[in-house]
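Okay, here's what each chain looks like letter by letter:
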Amino acid sequence: MKKRLPLLFILCAATSFFMAIPAAFAATVSVKLPYARGESFVLSQGYDSPPTHIKKDAYALDFTQNSCQAYGKAVVAAASGKAMFVSEEGYNGGYGTELIIDHGNDIVSRYAHMIPGSITVALHDEIRQGEIVGHVGDTGLVAGAACADHPGTHLHFAMDTVNADGTFTAYDPEPISGFVNMTEERWYLSDNGEDDTNESVGDNRTVAPLIDASDTDVATVVNETSSVVIAPTTTVAITSAVAVNAIPLIGGVSITSPLPMSVSAPASSSDNPNINNTIGASSTTDVTASTSISTSIATTTIATTTDAATTTIATTTIITTTATSTTPTSTTLVATTTTTTATSSIDVATSTPSPILFQQLNDTANSPGSFYDDNWFDLGNGFAGTLNALTLEGKVNDSQYFASHLWLQEFQDPNYTGLIQQFTISDNAPFTATMATATFSGLSIPLKPYLYYRLATIQDWQNRSVILAGTPTTTVGVVMWDYFIPGAGGVQSTSTFFPYMVMEGSAALAPLAAPPLTSPTDLTANFDEIGMQLGLSFSTSTDPDWPANPLHYEMNYSTSSSLSDGGWTSVGSIPVTIGNSYLIGVRALDNFGDVSAPVTIIWNFPPGFSPYLLGPATSYAYQYFNVPTTSTLRSITLFTTNFQTGAKYPDGPYCTLELYDSYDLSSYGMTPSDNSYNGYGCIGNPTFSFASSSLVLYPGHHYQWIFKVDGASVQFYGTTIDTAGGLFSDPPLINARFVVNGDSGVLFEN
Amino acid sequence: MKKQSWGGLLLLVLIVVALAGGIFLVCRHFGGAAASEHAGGPVTATAGGTQMFSGDGYSLGVPADWHVEQDGAGKDMIAAYPDYRAAASSSTATCKIEMSVFPYASSTSVADWISGRIGADPSLVVTEQSSEDIAINGGSGVKWNGLIDGAPTTLVYAFSSDHAYEIAPSVINEASAGNAPCTAALETFLSQLTIQ
Numbered sequence: 001m002k003k004r005l006p007l008l009f010i011l012c013a014a015t016s017f018f019m020a021i022p023a024a025f026a027a028t029v030s031v032k033l034p035y036a037r038g039e040s041f042v043l044s045q046g047y048d049s050p051p052t053h054i055k056k057d058a059y060a061l062d063f064t065q066n067s068c069q070a071y072g073k074a075v076v077a078a079a080s081g082k083a084m085f086v087s088e089e090g091y092n093g094g095y096g097t098e099l100i101i102d103h104g105n106d107i108v109s110r111y112a113h114m115i116p117g118s119i120t121v122a123l124h125d126e127i128r129q130g131e132i133v134g135h136v137g138d139t140g141l142v143a144g145a146a147c148a149d150h151p152g153t154h155l156h157f158a159m160d161t162v163n164a165d166g167t168f169t170a171y172d173p174e175p176i177s178g179f180v181n182m183t184e185e186r187w188y189l190s191d192n193g194e195d196d197t198n199e200s201v202g203d204n205r206t207v208a209p210l211i212d213a214s215d216t217d218v219a220t221v222v223n224e225t226s227s228v229v230i231a232p233t234t235t236v237a238i239t240s241a242v243a244v245n246a247i248p249l250i251g252g253v254s255i256t257s258p259l260p261m262s263v264s265a266p267a268s269s270s271d272n273p274n275i276n277n278t279i280g281a282s283s284t285t286d287v288t289a290s291t292s293i294s295t296s297i298a299t300t301t302i303a304t305t306t307d308a309a310t311t312t313i314a315t316t317t318i319i320t321t322t323a324t325s326t327t328p329t330s331t332t333l334v335a336t337t338t339t340t341t342a343t344s345s346i347d348v349a350t351s352t353p354s355p356i357l358f359q360q361l362n363d364t365a366n367s368p369g370s371f372y373d374d375n376w377f378d379l380g381n382g383f384a385g386t387l388n389a390l391t392l393e394g395k396v397n398d399s400q401y402f403a404s405h406l407w408l409q410e411f412q413d414p415n416y417t418g419l420i421q422q423f424t425i426s427d428n429a430p431f432t433a434t435m436a437t438a439t440f441s442g443l444s445i446p447l448k449p450y451l452y453y454r455l456a457t458i459q460d461w462q463n464r465s466v467i468l469a470g471t472p473t474t475t476v477g478v479v480m481w482d483y484f485i486p487g488a489g490g491v492q493s494t495s496t497f498f499p500y501m502v503m504e505g506s507a508a509l510a511p512l513a514a515p516p517l518t519s520p521t522d523l524t525a526n527f528d529e530i531g532m533q534l535g536l537s538f539s540t541s542t543d544p545d546w547p548a549n550p551l552h553y554e555m556n557y558s559t560s561s562s563l564s565d566g567g568w569t570s571v572g573s574i575p576v577t578i579g580n581s582y583l584i585g586v587r588a589l590d591n592f593g594d595v596s597a598p599v600t601i602i603w604n605f606p607p608g609f610s611p612y613l614l615g616p617a618t619s620y621a622y623q624y625f626n627v628p629t630t631s632t633l634r635s636i637t638l639f640t641t642n643f644q645t646g647a648k649y650p651d652g653p654y655c656t657l658e659l660y661d662s663y664d665l666s667s668y669g670m671t672p673s674d675n676s677y678n679g680y681g682c683i684g685n686p687t688f689s690f691a692s693s694s695l696v697l698y699p700g701h702h703y704q705w706i707f708k709v710d711g712a713s714v715q716f717y718g719t720t721i722d723t724a725g726g727l728f729s730d731p732p733l734i735n736a737r738f739v740v741n742g743d744s745g746v747l748f749e750n
Numbered sequence: 001m002k003k004q005s006w007g008g009l010l011l012l013v014l015i016v017v018a019l020a021g022g023i024f025l026v027c028r029h030f031g032g033a034a035a036s037e038h039a040g041g042p043v044t045a046t047a048g049g050t051q052m053f054s055g056d057g058y059s060l061g062v063p064a065d066w067h068v069e070q071d072g073a074g075k076d077m078i079a080a081y082p083d084y085r086a087a088a089s090s091s092t093a094t095c096k097i098e099m100s101v102f103p104y105a106s107s108t109s110v111a112d113w114i115s116g117r118i119g120a121d122p123s124l125v126v127t128e129q130s131s132e133d134i135a136i137n138g139g140s141g142v143k144w145n146g147l148i149d150g151a152p153t154t155l156v157y158a159f160s161s162d163h164a165y166e167i168a169p170s171v172i173n174e175a176s177a178g179n180a181p182c183t184a185a186l187e188t189f190l191s192q193l194t195i196q
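Residue numbers (our numbering), protein chains in the order written: chain A, 1 to 750; chain B, 1 to 196.
Warning: the hint list may mix true and false statements.
To be verified - Between beta-carbon pairs, the in silico distance windows are:
id, chain 1, residue 1, chain 2, residue 2, range
1, A, Asp-522, B, Asn-145, 45 to 51 Å
2, A, Ser-662, B, Met-52, 50 to 56 Å
3, B, Met-52, A, Pro-607, 32 to 38 Å
4, B, Thr-50, A, Glu-529, 56 to 62 Å
5, B, Gly-49, A, Asn-163, 21 to 27 Å
6, A, Thr-637, B, Leu-147, 33 to 39 Å
Note that these hints are calculated values from the structure, not bench results. Since the model is a prediction, treat every value here as computed from it, not as a measurement. Idealized CB from N, CA, C, for every residue including glycine.
Build the full structure now, drawing on both the sequences and the hints.
What follows is the structure in structure tokens.
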């Protein structure tokens, strides 16, 4: 009897027949834990443990939680694939409600004992890694007392390879989410699924530090981690995540951890001795190569716990970092945990000083303006921070004045063609015919240094312009206006102009790079066997700094190990030649030349694939089949094409399908119920659907379908393999491909 | 693995005493009401110590001290544990009888339906050893014996005009994953099952 947790005595149902545990399969699948990100499950039964985890289940893993906590929890796909077998209920050899996912390369994964009816995918559905596929239950052959109401609740997860004869052999799934040597009674934290654990940390981060434009010695720090999963008893150097690239900070470091953690500066870092880090509210530590910063959450605030699964303690400690030097340098922090598992994140956060960053006073000139025009001032880029208030001096260019609008417009590009959004500073700016100063406060407009801003003014009545007072010198400012010439209409003019303006809470920073476009994801190649080409499907990208920006996509493919720079074209179909493997990439582009990193996959022909070839023209064809089980006929799909005409009724040939039952000498006439064929013009793969059919097919009966085309001929596809004595070109088309589907699935496939 | 408990010894003593005195003993030990978990169908308890359950086209009575779980996300499933005591922290079920309900058309061959159901999972190796018709209250039944992945397995199928019921007794212990030790409990289960 193997040692088990007292309250988690779980035995699983998986029985098996097959023999040896193979070595790791050559074609690998990236496997993650089969439950949702952020969830911890304990391994209640591991590898090669009788009576159930043997033979084809020798690499099976049973996961559960304390008491009934696991019951109903989401089961997620360990890797992407396609639903190969779905059973919403029933014994199923002890697996109970179960799902088998085909990951390609003859590798499958099994999720068993789920709640009846809880499986969220259907047979043949494409499934993404991390997608919820069902919910943990206790169906089938299970036992255990941890969960009183649902005894034996656990998730049975196993992977197998499918042999040529259809049998299954255990497959080593490790590493799983980076874990190896998975051990009973250990808890494992999942990283499978969408990563949203860092949202709260990200929300704590303010935008770039706000500095005086004259301080050329200060750069910016905007750095945050993804959620960092710390494996059991592993020291994790989060060097890239919390590398502080530009010191000094005006701000600090925020650490969020549900478990004890310490943060230190390693001896190998290029440290800045001129930085004082105030930890919490009381202590100050100078970060040097030998100094360890222990946050208060390390040992005092949170007691050491051995049960990560039931302890959720979120504590945030702020290390306030202030500069004592004007020399930028860098440092590296290392996060270390000595506990079992933790999901922690470290985020460089900044505080917000209150500078006045863009200030031009002493007005000496007025901007141009006239009747019937509006005015706008291109301010350029490099503004970072939150615009809290704006002061400017202006007047309406008329003796009559009405409500004036003042907008700050945000553009993607230096040519001001891509308007991202418009912030309203005022819809009732108090401008009159007399030049006066107006302050607009309480704005809270986030400014991004890589975007371009325009100050626009307009007055309601006859578009009288708002004249702004300007200064003789500054670093930004171009004024533009629609100059009205009677008889000639509006003429757009520009000139250099320096508006009298004070912007509070902004900074004239050097432009930072815009956040890159995200790469497309979930790239899948869909094989058109007859057309011998691939179609691509993928999840689209996003443009972080401008979500509404329309994107387009390019593809590239190669039979070598790399993609050529010049090979990118618009996404379309990819012709393939049998025998080749293909490296396929897809990338996103926006309208301003930004390009995402590509997502790539390698595509191979299905094992044993033979190309389909056209047979001769014929006016009819027939084929025999029988069925293994009693089932109601649902459809017959013929892989054929009409080379005579693509037109439909009334010009196209009329297609019929007859089904002949040699057992009772019955004959059934059928036409496609799919309106796209309407009985005419049999192009492509006609599917004769019988969704409401009551025709029951029985084992032991001999069936023959006869496909006829009135007044025309038709070509069929068949395989190159002659297995039944007739050549492919023979009229009976022995090897013409067709599929018979019943209400229980595929009944016959040639 | 079946654990010996003082509760089990107490039960044995009580039965002996009850038989000796000709006293009908209502089987409700461990000091409480029957531990039943049900969410799918109505349940009632009778004075005779039987819990009554119902679902899609069936009604079922089981002894009051059996643990019963009846739920499912849109599927009718009921599981009965004759020797599991939810209130006892050390209790572990050794026998479980799980019944799943499927739609069924009476025009379908019973034999075909059973073989399709047992062999639905493509990974299973199924060997039939025997199959016999049995009586089920209100319908017909078949008891199937064979090997599934080498494990001795008994499955019972009951058929009404529009439902098929798969009744799977199962046992987990160190020696075998077969379900033969559930035989007596299965007979009790079947005798109290009525289908329409």
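Q. What are the numbers of the hints that this structure violates, sorted from low to high?
A. 3 and 5
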